[in-house]
Amino acid sequence: MRGSHSMKPLAVLLLLLGGCGANDLVVKRQTETETRVEHLFQVAGGTEARLNELSSRLVALEEQEAQRAKLFRELTDGVRELKEVNQALQTKMQSVAVTTTPKVEVVNPEVPGRSIKDSGPPAAYLKAFGLYSANSFAAAVVAFEQFLKTNPSGEYTPNAHYWIGECHYSSSDLPKALIAFQKVVDGWPRHPKAPDALLKIGYSYSALKQPEKARFAFERLIRSYPGSPAAIKARERLMSLDNPAD
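Numbering (this note's numbering), first residue to last: 1 to 246.
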């Protein structure tokens, strides 16, 4: 009996040790399982991040492709417009080439009673205009000013002031161009060159980055000379002032 009693504590101890070992094994396996699950979550998270990155790149590539397509269309339209302009210039050059006599702009109507000898512009005026036509702007200004000294109030005086303005405008001397054009507008408001001079005043102020003064000139031109070709151009420039390009 004593022997059996002494074996019971030992059995209980072995049972407890066996239970602890099993419990340790369960805990170990649970920890391993949790570690694997965590690893899977990390892998899944990395995969999702990679997919998001690839999606963003795909969207960026699609946007770039759309921009390239738009640029290609714009370039294509530009080339077509250049071809049309070039064709128009060639047609104009051909028409000028077949002209047998040089053209000088006739801005003043025939005056009844004037003799044939006096029907054309003076030689000094023609000389100055020829220099302007040859793009010799500085020499043309000198020639027009010499003409004005001898013809301060003649029939071609407003024309001379206008072409002096054109010479300065073509040379990008806009302040001097404004002075010459303004003389035409103020001194000869009924002259055929007055609307053209007012148009160039608007152009000059636009080039000088003074849009309000340019707008005033264009609006005055449209109001004072509504049926002139210059008024049509003024309306176009007003539209560009009201809707500036980005």
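Some clues are possibly wrong.
[As the list claims (entries may be wrong)] Pairwise CB distance ranges, derived in the manner of DEER restraints: (1) Ala207 <-> Glu65: 34 to 40 Å; (2) Lys176 <-> Gly130: 37 to 43 Å; (3) Asp242 <-> Gly46: 51 to 57 Å; (4) Glu65 <-> Lys176: 18 to 24 Å; (5) Arg73 <-> Gly187: 49 to 55 Å; (6) Pro211 <-> Pro122: 56 to 62 Å.
Hints were generated in silico from the structure; no laboratory data involved. Backbone N, C-alpha and C define an ideal beta-carbon position, used for all residues, glycine too.
Evaluation of the provided hints:
no., hint, result
1, Ala207 <-> Glu65: 34 to 40 Å, "39 Å, holds"
2, Lys176 <-> Gly130: 37 to 43 Å, "21 Å, violated"
3, Asp242 <-> Gly46: 51 to 57 Å, "55 Å, holds"
4, Glu65 <-> Lys176: 18 to 24 Å, "51 Å, violated"
5, Arg73 <-> Gly187: 49 to 55 Å, "50 Å, holds"
6, Pro211 <-> Pro122: 56 to 62 Å, "40 Å, violated"
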